[in-house]
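**Student:** So the chains spell out like this:
Protein chains: 2
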Amino acid sequence: MTIKPTAPLSPGACIGIIGGGQLGRMLALAAAELGFQTHVFCPEENAPAAQVSTFSTLADYEDKPALDQFAASVDVVTYEFENIPVSSVTHMEQHKPVFPSAKALEVAQDRWVEKSFMRDLELGVTEFYDITSPQDLRAALDATNGEGILKTRRFGYDGKGQWRLSASSQLDAIIAELDGQAAILEALVPFEREISLLVARNAAGDTATYEAIENVHKNHILHTSTLPARLSATQASQAQTMAEKIADALDYVGVLAIECFVTPQGLLVNEIAPRVHNSGHLTQDACHCGQFEQHIRAIAGWPLGDAHAHSEAVMTNLLGEDINDWQNWAAQKATYLHIYGKAEANPGRKMAHVTRLRARR
Amino acid sequence: MTIKPTAPLSPGACIGIIGGGQLGRMLALAAAELGFQTHVFCPEENAPAAQVSTFSTLADYEDKPALDQFAASVDVVTYEFENIPVSSVTHMEQHKPVFPSAKALEVAQDRWVEKSFMRDLELGVTEFYDITSPQDLRAALDATNGEGILKTRRFGYDGKGQWRLSASSQLDAIIAELDGQAAILEALVPFEREISLLVARNAAGDTATYEAIENVHKNHILHTSTLPARLSATQASQAQTMAEKIADALDYVGVLAIECFVTPQGLLVNEIAPRVHNSGHLTQDACHCGQFEQHIRAIAGWPLGDAHAHSEAVMTNLLGEDINDWQNWAAQKATYLHIYGKAEANPGRKMAHVTRLRARR
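Chains A and B, in that order, give the protein sequences. As numbered in the working numbering, residues 509 to 869 make up the first sequence, in order. As numbered in the working numbering, residues 509 to 869 make up the second sequence, in order.
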């Protein structure tokens, strides 16, 4: 049995956040603006989110007694990253409302389940093949003209657990590296651009969809996001319908991110993230209600906020030593700097982001 | 000797905030967005600011050893209210930079010093009289046609320590209530409206001035603030010049609030607050850089932010049980709700504010 809330959470209630990174930090800050207390659960000391939360628990994500104590101390539980064990979520769902639900997490954690789910909804996805053996891989490559992207079904992010395969790939070495992990092979997609869709949904079934955001990656890590994405009116309308369809099918509560390819054949869903998303950071400054406040509103049973973008925006991630440019960014007009409180600027580490606004055209 | 900073504070540095109320809370949240840690010092348990700060100290404002320990743990000290003892500030100034300086605090804490300071700057002030005895009061009332507002020189706020005097006043009773406190008598001013000016200044002497904000009080407590205030272009320009003149004269660092009366004879300075101000809350949502971030930038030695208002705005304070309307406010478009995390909704207590934006005309 899972616990469902019966009324909106009043200000003063405590929002439990699993995960201590920058997404948790910005969720905690947004929750505080609405008068909520926050409790961050994570295994790292001095985590970005814990620095700004009312309470924090330092424990592993599999530590059931610690999770029990955490759940007992809060009014609702959410999470900032999708690699939390589903069993931890189902465990807590017996005691407190957890949003998004374990179902959304299960779909998002497994690329095969995810793609199959989208296909069952009759949404466009890239051609994909289930890979459980070297034989599967060779057969799938035969079907995709020897090219494709091999991805582990689970635990991939920012390009990790991915191999671009072509005729010249050292297949044996890659199979060895894969080490028996379940995987999928995706056919290559000649896409025009990558976009993300952010949709918020509350338990009453209301949705609020943000305008599509266009993303540019560098070295498999998000570099810039721009609102609005370059889409035709038809594409924009399809995107919104698609986002709402997925959120409804998952009976989703919270903010859901959907990454898509724009292709000549239409929109293809690449992957979903059952949480606020890096590409949505610009909504903080460009929209009346940003994704962090929106997520808190949704899981608290509040009316959803106004997702309308009052300005156009470009968000740039500051990775590793990019953060040393903070004085330059801080001096620019109509520019919003968000720094995550991380002590070590390791190469590629997401340290901050900056959003530049411009008037709508 | 007072300590002055030599370079801008880097993200990760710790901002010390004296005072645990909603102003401290919003300062701490703004500091966190810029990647700073925060340390809140206040005597109340579970204070609004302490709920969102990285560290907190529970001690009295006169507790010198606790203040020493606090100052040692932070990189810069600021405060969210002006009734902190000047001696506590001068004490800490020996160890760490404190902004605004003790001088601004001394001027703001004493209505006679404050009004004299403005008069010396050749700025308009209401006619005022130093009251140190019942004889002084009677003589002053003779000079103001028997009418005026008697105010204690120190520790007044939201109408406390004030008496409206007229021919029918029970002067003996009021003198007894005053109980020998130093006071001033102000002549009545037939003003058209009340406005506040917010100016930020950093140690380099750069200033950023917000457009004038028009205020409406109810029962001596701020009810609504509106941007822009209804001023002629000449008045608006005078207001800006006046704000910068005061900030420069105080060698001010931080955000300074100046409350003025708009009269047919020009602008009269009523009082100043050496801190972020309730009437400036709308800048959070209507301006590129709100007063809280601006104050943090100023005291951290950062470039000042963009004070331009991208939208018009009306802010309404939610006092006491007004907070029970939160669901109604939360459902409105282009409306920003800020709730302070206070457990008890006592009558007249500032619980939250709501800012409604509209497009500039």
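Accuracy of the hints is not assured; some may be wrong.
Pairs count within a copy or across copies, as identical chains cannot be separated in the list.
Under the rule of at most 20 Å between Cα atoms (straight-line distance), these lysine to aspartate or glutamate pairs were calculated in the DMTMM-like manner [to be verified]:
no.	residue 1	residue 2
1	Lys841	Asp814
2	Lys841	Asp714
3	Lys841	Asp650
4	Lys841	Glu820
5	Lys668	Asp638
6	Lys753	Glu630
7	Lys668	Glu767
8	Lys753	Glu820
In short, the hints are calculated from the structure, not lab data.
**Student:** It remains to establish, for every hint, whether it holds in the given structure.
**Tutor:** So, going through the hints one by one against the coordinates:
1. Lys841 x Asp814: Close across copies (6 Å), not inside one copy (25 Å); limit 20 Å.
2. Lys841 x Asp714: between (36 Å within a copy, 15 Å between copies)
3. Lys841 x Asp650: So Lys841 and Asp650 fail the 20 Å test inside a copy (54 Å) and across (54 Å) alike.
4. Lys841 x Glu820: Classified as both; 14 Å inside a copy, 19 Å across copies.
5. Lys668 x Asp638: within (18 Å within a copy, 74 Å between copies)
6. Lys753 x Glu630: For Lys753 and Glu630, only the intra-copy Cα distance (10 Å) is at most 20 Å; the inter-copy one is 67 Å.
7. Lys668 x Glu767: within (17 Å within a copy, 57 Å between copies)
8. Lys753 x Glu820: Cα proximity of Lys753 and Glu820: none, with 26 Å in one copy and 37 Å across.
Going through the hint list in order, the structure does not satisfy hints 3, 8.
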